[in-house]
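S.K.: Fit chain B to the given chain A structure using the hints.
Chains A and B, in that order, give the protein sequences. Residue 459 in my numbering sits at position 459 of the first sequence, with consecutive numbering throughout. To convert, count from 1 in the second sequence and add 1000; that's my numbering.
Quick caveat, the hints were computed from the structure, so don't treat them as lab data. Check each hint, because a few of them may be wrong.
Claimed, not checked - Dumping the calculated DMTMM-like pairs for lysine to aspartate or glutamate here, alpha-carbon to alpha-carbon at most 25 Å:
| # | chain 1 | residue 1 | chain 2 | residue 2 |
| --- | --- | --- | --- | --- |
| 1 | B | 1156 | B | 1327 |
| 2 | A | 35 | A | 46 |
| 3 | B | 1108 | A | 451 |
| 4 | B | 1108 | A | 432 |
| 5 | B | 1156 | A | 451 |
| 6 | B | 1156 | A | 449 |
| 7 | A | 422 | B | 1336 |
| 8 | B | 1131 | B | 1180 |
| 9 | A | 422 | A | 290 |
| 10 | A | 35 | B | 1418 |
| 11 | A | 68 | A | 95 |
| 12 | B | 1156 | A | 46 |
| 13 | A | 433 | B | 1337 |
| 14 | B | 1156 | A | 123 |
| 15 | B | 1108 | B | 1418 |
| 16 | A | 39 | A | 123 |
| 17 | A | 433 | A | 451 |
| 18 | A | 39 | B | 1337 |
| 19 | A | 35 | A | 123 |
| 20 | A | 433 | A | 449 |
| 21 | B | 1156 | A | 432 |
| 22 | B | 1156 | A | 435 |
| 23 | B | 1077 | B | 1456 |
| 24 | B | 1108 | B | 1456 |
| 25 | A | 422 | B | 1343 |
| 26 | A | 68 | A | 84 |
| 27 | A | 422 | A | 432 |
| 28 | A | 35 | B | 1078 |
| 29 | A | 422 | A | 451 |
| 30 | B | 1131 | B | 1083 |
| 31 | A | 433 | B | 1343 |
| 32 | A | 68 | A | 5 |
Said to hold, decoys possible - Far from chain A, some chain B residues (derived; all Cβ distances over 12 Å):
| # | residue |
| --- | --- |
| 33 | 1106 |
| 34 | 1133 |
| 35 | 1181 |
| 36 | 1463 |
As the structure is a computational prediction, the values presented were derived from the model and not from experiment. Just so you know, even glycine gets a beta-carbon here, dropped at the ideal spot from N, CA and C.
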Amino acid sequence: MSNIDLIFRLCGVAVIVSPTVLFAVIALPSLLSWKLSEKQISRCCEMAVLVGLFSSLLMLLLMLVTGKRYVPIEMGNWVILPGEHFHFQFKFVYDRLSVPFLILTYVLVGTTGAFANRYLHRERGYNRFFLIYAMFLLGMVVATLAGTIETLFFGWELVGLSSALLIAYFHERQAPVSNGYRVWTIYRFADASFLAASVALHHFHGAGVFSALMGEGAWPYGVSTLTPHQALVIGVLLLIAAAGKSALIPFSGWLPRAMEGPTPSSAIFYGALSVHLGTYLLLRVSPIFEQSIVLRVAVISLGILTALFATLASSVQSDVKTGLAFSSLTQVGIITAEIGFGFNYLALIHICGHACLRAIQLLTAPSLLRDYHSMENAIGDHLTSHNHHNTGFLPLSVRLRLYRFSFERGYFDSLLDEYLVKPFLYVFQTCDKFERRWTDYLTNDMSRESDSVPAVSLGSEDPS
Amino acid sequence: MSQLHLPWLEISILLPIMGAIWAFYGQSKQSPHCQRHSLYFSGATLLSTCAAWRDFISLHTFEAHDSWDLFALFLRKDVFVIDELSAPLIPLAALLYFLTQLATQSTKVRRFSFFWSFVSEAILIMTFSCKSPMILVSLLTLGVLPMIFELTSRGKPIRVYCLHMGLYVILLLSGQMIIEIFGMTGTIPTFGVLLLTSAVLIRDGIIPLHCWMTDLFEHGSFGSSLLFVTPMVGAYGTMRLIFPIAPAWILESIAIVSLITAFYAAGMSLVQREARRFFTYLFLSNSSLVLIGVEIATPIGLTGALCVWLSVSLSLMGFGLTLRAVEARTGRLSLDEYHGLYERMPHMAGFFLLTGMASIGFPGTIGFIGAELLVDGAGQISMGLEVLIILATALNGLAVLHAYFRVFTGKHLTSTIDIRSRPAERAAVLVLSILILGAGLYPHPGISSRYHAALELLSQRENLFPLAPFEDEPPETREQQHHDVSDAHH
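If we strip away everything but chain A, and leave its shape as in the complex, we get (with noise of 0.2 Å):
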């Protein structure tokens, strides 16, 4: 091994290792009972980040230095069944993708986790929240640097995990606690989806690696092997998944709701990095979408769709938190057209400027009311509005139709909570009904003595 190739390895281990020792440190004592104080959790987690970050800009200055624009990095096989060609293997890829999507990761976490040492100091979950805040960091890296399908989907569960419990952070209230419950029920069914993806991918060619949907080149330019039909059934498949993620339409409904966690996890995980990850995933796998027009078509459709109705949605919203979420998805819309149109790099370009913009303007909305104050005081007016929804050529019915279709965020929702959940729980809470008779039945008695367990045990509820 070359002296180049082993600073190259270096620096690429550097870039997984940080967040995993940071996560480690984190969760090893809250495991064994031991509390770090607030010092030392901020001050690995200024390390872990800036180790991350410089590795990451010296192995893109070694990339443009070399002219090296693909540097994978294989940390070996996890499980090898050689007798089956079963293989899960840890391989994480540097390319003209990761690599910036990896350094924007490291920015924004970074800059989000300064700010909430501040701003959750003397909190009563700051441990938690530097927990989770450790594990996601964790999941993003994977997620960005994976070159195998496994490996993303470790980093995308992580990603997923985490993201619930920093929604539901404030969990003396029940209402963040449904809403990030919601959230992971969105999640679970987008991580079933990519499940699937990658067992087809499996199926079809035998291995996980992307190298099988986006042939040997060097990301994007990769033409990949597997044949239309193929294509097809994988690419629905993760645009499911990438669906879920990143809070297209149907599953556009979580997005607001992630609002209820802290301002430094709304900030860093839906307005800027999270809500990518899909659109990162449909990039990462763009080269299949040359082999199937329809799935291309349905890439398209979906971004489109999804950026008119979040255009709607965030002009009716009436707090700040939900308004910067609508906008959000707009551009999340926007992007996954350009990704289905092929503008993957402008489709880059704008995932890295608005990821950007959103953690400024989400890390900036509590005091946002300050900050107008402070403008017109200094031009001694007040601030004018304009309203850039021009509606009024639409007959009143169809502007009414429209508001209240916005207002309740497209009906998402209920459509889902109507025809999918209500129906789901109808059935198995029959089934229970049924299991009761049958034991009651059996025993030639009342069954369950759990009907007798009272809803509150113990304690009493804090007013405050």
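M.R.: Showing chain B alone in chain A's frame:
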């Protein structure tokens, strides 16, 4: 057959028997030393089983029996053997009993029967050490008795349990008798296999004959019920009694009913309004996934099933112990309301989430690769099978987080009672957590061992009755399976 260096299996069986005798005669339950002394016996049993496993690994063989085997002297055959399938299961069983006793709260010692716990531990270790079909059937029959005595002694209704277990025992004994009698003619009677299959399906809690399990958790003590179901004796019975001799269509039928159970139980876990019932359905769903893999009968699918078996046992035992620790402080937990216990017991909340996530094969935990293998194996058979497994797992994930949020979040408690977890409880769940994470982060040795076990089992399926045709199976089915296994060996 190879010999272990010491009679570890006999020691492992003898120690819990001694513990039972001690618990029956030696100590009063009111004694403060009662729990500590029990731990000596169960700890010694755990060490002995671990030694048996270590000794077996050092022999580099597929199966071994005790040196100075007393049973062999009387019965003229090796009754208790350890092989690649049972080697990790025996210490796992001992570990589950040790940790349950360790995590039993001092206030619950009077309700937890140490005597029956030791008796059932001895029976379980004997069951996992036994390959001889007739003796195994007898042990499986004996295994259901301790719960009857415990339920009776607590004055709880036993009809649901007894009806199901009675049917199980009748089917088990009659099925094995038919196979023993008609098997001598050289033909394996399909009817006998069918009876055996029905029996183990009842023991596994396959729908619609699963109500005994929910009823057991309703009326039994949580600890004893956990110990009765988490080692998955039914799956062991399937592997030993049915897998080697069953025709392919029976295995496929088991896979289908297991899949239905996995999906049904996952859905039912989402609508439960009480924590124990929720746990039962979660367990049922996960244990059914194990059976699906067993019946896929391909090296990958079987390896996945054997891995998921261990992961489900460990993770759901940890999950159950955490729930039991919470219940010991609050009484039975309703899932209709939020309880907000996080601030009062943050460690238990963490363990609850960790073990729950491990049970659904979350990345970095013991079940992750096993679940991947299982899904991959199912994909080799049918894409529909694979999609349903994925959906069942997704529903289980929803159920776990739903329970977590209901139990630990949603309100801020102002109770003045100290309900923090005891060091012993934390230690018990910590040990399980270390195993769950350790095997998840360094999975290769475990997977490799399960893969060898799977290959040997598949090979045995071919070799045990090479000339015995099934009554109604086309010969090409077996030929195809034979080629699959041979390819894997090569």
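S.K.: It remains to establish, for every hint, whether it holds in the given structure.
M.R.: Status of each hint after checking the structure:
1. B:1156 x B:1327: Cα-Cα ~19 Å, so holds.
2. A:35 x A:46: 18 Å, holds
3. B:1108 x A:451: Answer holds: residue 1108 of chain B to residue 451 of chain A is near 22 Å, not above 25 Å.
4. B:1108 x A:432: 30 Å, violated
5. B:1156 x A:451: 15 Å, holds
6. B:1156 x A:449: 10 Å, holds
7. A:422 x B:1336: 17 Å, holds
8. B:1131 x B:1180: 15 Å, holds
9. A:422 x A:290: It is violated: about 39 Å lies between the C-alpha atoms, which goes past 25 Å.
10. A:35 x B:1418: 19 Å, holds
11. A:68 x A:95: 9 Å, holds
12. B:1156 x A:46: Violated. Residue 1156 of chain B to residue 46 of chain A sits at ~58 Å, over the 25 Å cutoff.
13. A:433 x B:1337: 20 Å, holds
14. B:1156 x A:123: 47 Å, violated
15. B:1108 x B:1418: 17 Å, holds
16. A:39 x A:123: Distance ~13 Å between residue 39 of chain A and residue 123 of chain A Cα, so the pair holds.
17. A:433 x A:451: 12 Å, holds
18. A:39 x B:1337: Violated: residue 39 of chain A and residue 1337 of chain B sit about 37 Å apart, past 25 Å.
19. A:35 x A:123: Holds: residue 35 of chain A and residue 123 of chain A sit about 14 Å apart, inside 25 Å.
20. A:433 x A:449: Since the Cα atoms of residue 433 of chain A and residue 449 of chain A sit roughly 15 Å apart, the hinted pair holds (cutoff 25 Å).
21. B:1156 x A:432: Satisfied, since the Cα-Cα distance of roughly 22 Å is no more than 25 Å.
22. B:1156 x A:435: OK: residue 1156 of chain B and residue 435 of chain A at ~19 Å, within 25 Å.
23. B:1077 x B:1456: 21 Å, holds
24. B:1108 x B:1456: 44 Å, violated
25. A:422 x B:1343: 33 Å, violated
26. A:68 x A:84: 34 Å, violated
27. A:422 x A:432: 15 Å, holds
28. A:35 x B:1078: Between residue 35 of chain A and residue 1078 of chain B the Cα gap is close to 53 Å, so the pair fails against 25 Å, i.e. violated.
29. A:422 x A:451: 23 Å, holds
30. B:1131 x B:1083: Holds: residue 1131 of chain B and residue 1083 of chain B sit about 9 Å apart, inside 25 Å.
31. A:433 x B:1343: 35 Å, violated
32. A:68 x A:5: Holds. Residue 68 of chain A to residue 5 of chain A sits at ~11 Å (cutoff 25 Å).
33. 1106: 19 Å, holds
34. 1133: The claim holds: residue 1133 of chain B sits with its nearest Cβ about 29 Å from chain A, beyond 12 Å.
35. 1181: Holds: least Cβ distance 33 Å, greater than 12 Å.
36. 1463: 18 Å, holds
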